[in-house]
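With the working numbering applied, the sequence shown has no gaps in its numbers, which climb one by one up to 117 at the end.
What you were told as hints is all true, and nothing was included just to trick you.
Derived lysine-lysine pairs resembling BS3-like cross-links, with alpha carbons at most 27 Å apart:
(1) Lys96 - Lys72
(2) Lys21 - Lys43
(3) Lys31 - Lys21
(4) Lys3 - Lys21
(5) Lys72 - Lys107
Derived from the structure by calculation, the hints contain no laboratory data.
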Amino acid sequence: MGKIDKLDSLIRDYVNGNMDKQIMSIKNKLKYNAMAYGLDVDKLIAEDRTLAELTFYRQQIDVWYCAYPEAKQICELRWGENMQQWEIEQEVLLSKATIYRRYSEFKATIAEWSGIR
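Please model the complete structure; the sequences and the hints are all you need to start from.
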């Protein structure tokens, strides 16, 4: 699929569960800091830019992930199962160009509607 850009990385983290782990990690750090320093947990969570950004990215991918079933399957095979390109081609019975086109359409839709570049 070529060089991995920011959106590829976000989709990969979404598929393999790392995005949820990152969000939980940030929340846990904020809760710990709030308890240690006597701060308001909800206020810290609401004001954290990194957490807000990751949550926004997850929501945007959530919206479009199921709307593209072929791209969903391709993503799950590539990043969930760690399959190579030729293995994905055999699994989904599509050509390399078609796989690339389906995934590119999926990425373009997310980029267009969410502003993620």
